[in-house]
Every structure is written in structure tokens, then in C-alpha cells.
Amino acid sequence: MRILSALFVAAAMMIALPAFGNDDTIPDVTERVARISSVDGVVQVRRAETDEWEQAVLNLPIVEGDEIVAEESGRFEIQFGVDKHLRASERSVLRIVTLNDSGVAVSLTRGSVAVTVSKFDSEQSFFEIDAPKTTVAVQQAGRYRVDAGTGIHDAEIRVSVSNGGEARIYSEIAGFTLGDGRIAKVLTTGRNEGEWELADISEYADAFESWVAVRESEISQRLDSAHFDQYYDRDIYGAEDLTNYGTWTHTSDYGYLWRPSSSAIRHY
Numbered sequence: 035m036r037i038l039s040a041l042f043v044a045a046a047m048m049i050a051l052p053a054f055g056n057d058d059t060i061p062d063v064t065e066r067v068a069r070i071s072s073v074d075g076v077v078q079v080r081r082a083e084t085d086e087w088e089q090a091v092l093n094l095p096i097v098e099g100d101e102i103v104a105e106e107s108g109r110f111e112i113q114f115g116v117d118k119h120l121r122a123s124e125r126s127v128l129r130i131v132t133l134n135d136s137g138v139a140v141s142l143t144r145g146s147v148a149v150t151v152s153k154f155d156s157e158q159s160f161f162e163i164d165a166p167k168t169t170v171a172v173q174q175a176g177r178y179r180v181d182a183g184t185g186i187h188d189a190e191i192r193v194s195v196s197n198g199g200e201a202r203i204y205s206e207i208a209g210f211t212l213g214d215g216r217i218a219k220v221l222t223t224g225r226n227e228g229e230w231e232l233a234d235i236s237e238y239a240d241a242f243e244s245w246v247a248v249r250e251s252e253i254s255q256r257l258d259s260a261h262f263d264q265y266y267d268r269d270i271y272g273a274e275d276l277t278n279y280g281t282w283t284h285t286s287d288y289g290y291l292w293r294p295s296s297s298a299i300r301h302y
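Following my numbering, the numbering of the sequence shown begins with 35 at its first residue and continues without gaps.
Warning: the hint list may mix true and false statements.
[As the list claims (entries may be wrong)] Subject to a maximum C-alpha distance of 16 angstroms in a straight line, what follows is the list of computed EDC-like cross-link-like pairs (lysine to aspartate or glutamate):
id, residue 1, residue 2
1, 219, 188
2, 167, 200
3, 219, 164
4, 167, 86
5, 153, 250
6, 219, 231
7, 153, 164
8, 153, 117
9, 219, 229
10, 153, 188
11, 219, 206
12, 167, 188
13, 167, 250
[Claimed, not checked] Quick list of the computed label-pair ranges, beta carbon to beta carbon:
id, residue 1, residue 2, range
14, 188, 209, 19 to 25 angstroms
15, 241, 131, 25 to 31 angstroms
16, 81, 156, 53 to 59 angstroms
17, 243, 206, 26 to 32 angstroms
18, 75, 239, 29 to 35 angstroms
19, 197, 101, 27 to 33 angstroms
20, 287, 86, 43 to 49 angstroms
21, 189, 127, 17 to 23 angstroms
22, 81, 237, 35 to 41 angstroms
23, 97, 251, 24 to 30 angstroms
24, 229, 143, 19 to 25 angstroms
It is worth saying that the hints were derived from the structure and are not from the lab.
Note that the Cβ used here is the ideal one computed from N, Cα and C, for glycine as well.
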């Protein structure tokens with residue numbers, strides 16, 4: 035029911051857009067609100083202005099200052115735009131530090147995250163991941179994984195870059211560039227704190243990486259079948275889900291309209 039409710043709202047927004055398409059007074063759509071685009075298990079969200087926790091559900095809006103915690107069996111995905119997704123593993127603690135027109139910064143105090151950025155211009159925007167005593171700054175499109183406080187490797191932060199990416203990494207003592215196909219281990223305790231080791235990336239074989247691969251494949255398929263710039267703007271991220279729950283039809287009065295499928299209505 036929550037899925038269809040959110041989709042009905044999105045469809046209503048898109049139907050209304052053409053009426054204002056030429057009005058220069060209407061502000062551009064920005065990415066100041068993200069959404070939970072996938073959630074499994076127990077995941078809790080705490081808003082910046084409260085001490086209370088709420089259950090994370092699909093399509094829940096996420097804003098600056100929110101803290102998201104995945105329990106032992108939980109994991110979640112946040113969509114920051116059509117081209118930016120963050121996925122967090124079980125036992126992850128994540129806070130949205132910055133979410134505005136200029137970019138995104140998140141703080142990972144525990145667990146693992148995988149960030150996929152399919153389009154990125156570091157001159158126009160930023161995407162940063164803060165881990166204990168380490169900051170990862172995305173430089174170009176690619177996939178980035180950060181492991182922090184995962185139990186076995188509590189004395190180090192591991193960062194890997196793949197799919198053509200590049201990152202600047204800052205430790206307590208210096209900064210360096212990590213290129214595509216490379217992994218860095220940044221030491222966070224002991225006499226060598228702030229130093230790092232570099233190596234060629236090896237394939238992750240854990241359940242989190244498998245889930246990330248499945249989600250990337252699903253999203254790629256949805257984007258391939260999406261109707262951006264035909265029925266709706268690319269700025270309306272999440273609209274790619276509409277194809278899974280209905281069809282687009284043309285009317286002489288309103289132009290293209292989204293119509294939910296009978297199966298979607300039954301579930302609603």
C-alpha cells in the first residue's frame with residue numbers, strides 16, 4: 035500500500051508539471067530530499083529534531099540531519115538522484131551530514147556502504163563519505179565501497195574504487211588519490227595511525243556485495259525502460275518505478291497519463 039501511495043503522488047505531480055512547464059517562477063527540482071529506495075529487515079530512522087526512532091519504509095523521505103541505523107538483519111538503499119545511490123549493510127550507522135544543491139556528505143560510524151555514481155562532475159558537485167578518521171571524496175563516476183568498524187578490521191578503514199571511479203582520501207596525516215581497481219587500508223589506531231596500504235582490488239565475496247550487484251542490475255533495467263524526458267523530467271527520480279506498476283496512455287485532454295495496473299490496485 036505504501037508503494038502505491040507514493041507512486042500515485044509521483045504520478046499526480048508529473049501530470050501537473052506540463053501546466054507549469056513554461057513558468058519561470060517555478061523553482062527547479064533539487065536533490066535536497068532523498069528517499070529510501072530499498073529496505074530489508076529492521077532499519078530505523080531518527081530525525082534531526084527528535085530523539086524518537088521510526089521504522090524505515092520504502093519511499094520514506096530522507097533529509098539532512100537524519101540518522102539511519104540497520105540492525106543485524108537489516109540493510110537499505112538511499113536514492114539521492116537518478117544517478118546516485120548509496121547502499122548500507124547490516125549493523126550500519128549512517129548520518130546525512132549535508133544534503134543540498136551543492137552536494138552530499140554522509141557519516142559512516144559503523145558498517146559498510148557502497149556508493150554508485152553513474153554521472154558526476156566534481157567541479158559542479160561533491161559526494162563525500164566520512165568514516166572514523168577518514169574522508170572519501172568522490173572525483174568521478176564509479177562505484178565506491180567503504181568498510182568501517184566491521185569487527186575484524188576495527189583498526190582500519192577499507193576503501194575500494196571500481197567501475198571507472200577515482201577518489202581523494204584524507205587520513206589524519208595526509209591525503210592521496212585512489213584510482214580505479216584499487217583498494218586502500220587506512221590505519222586508524224596505533225603508532226602508524228593515519229598511514230595507509232594500497233593494493234589491487236580483489237573480488238568481495240560477502241552477502242552485502244552480492245546484494246549490491248543485484249540492486250545495481252535491477253536499477254539498470256528500470257532506467258533502461260524508464261521514460262525520462264518523454265513523460266517526465268529526469269529530475270523526478272523514483273519515477274522509473276512507475277513502469278513496474280502501470281502503463282502510460284495518451285489522452286486528448288491531458289496528454290500522457292500514468293494508469294496503475296489492476297494487480298497494483300488489488301495490492302493497494
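Results for each hint:
1. 219 to 188: holds, 11 angstroms
2. 167 to 200: Given pair residue 167, residue 200 is violated - Cα atoms ~20 angstroms apart, limit 16 angstroms.
3. 219 to 164: Holds. Residue 219 to residue 164 sits at ~15 angstroms (cutoff 16 angstroms).
4. 167 to 86: violated, 28 angstroms
5. 153 to 250: holds, 14 angstroms
6. 219 to 231: holds, 5 angstroms
7. 153 to 164: violated, 21 angstroms
8. 153 to 117: Answer holds: residue 153 to residue 117 is near 6 angstroms, not above 16 angstroms.
9. 219 to 229: holds, 8 angstroms
10. 153 to 188: violated, 32 angstroms
11. 219 to 206: Holds, because 13 angstroms separates the two Cα atoms, which is no more than 16 angstroms.
12. 167 to 188: holds, 12 angstroms
13. 167 to 250: violated, 29 angstroms
14. 188 to 209: 19 to 25 angstroms: About 23 angstroms separates the Cβ atoms of residue 188 and residue 209, which means 19 to 25 angstroms holds.
15. 241 to 131: 25 to 31 angstroms: holds, 27 angstroms
16. 81 to 156: 53 to 59 angstroms: This hint is violated: roughly 30 angstroms between Cβ atoms.
17. 243 to 206: 26 to 32 angstroms: Holds - the Cβ-Cβ distance for residue 243 and residue 206, about 28 angstroms, lies within 26 to 32 angstroms.
18. 75 to 239: 29 to 35 angstroms: The hint (29 to 35 angstroms, Cβ to Cβ) is violated, given that residue 75 and residue 239 are roughly 21 angstroms apart.
19. 197 to 101: 27 to 33 angstroms: holds, 28 angstroms
20. 287 to 86: 43 to 49 angstroms: holds, 45 angstroms
21. 189 to 127: 17 to 23 angstroms: holds, 18 angstroms
22. 81 to 237: 35 to 41 angstroms: holds, 38 angstroms
23. 97 to 251: 24 to 30 angstroms: holds, 29 angstroms
24. 229 to 143: 19 to 25 angstroms: For residue 143 against residue 229, whose Cβ atoms are near 21 angstroms apart, the range 19 to 25 angstroms holds.
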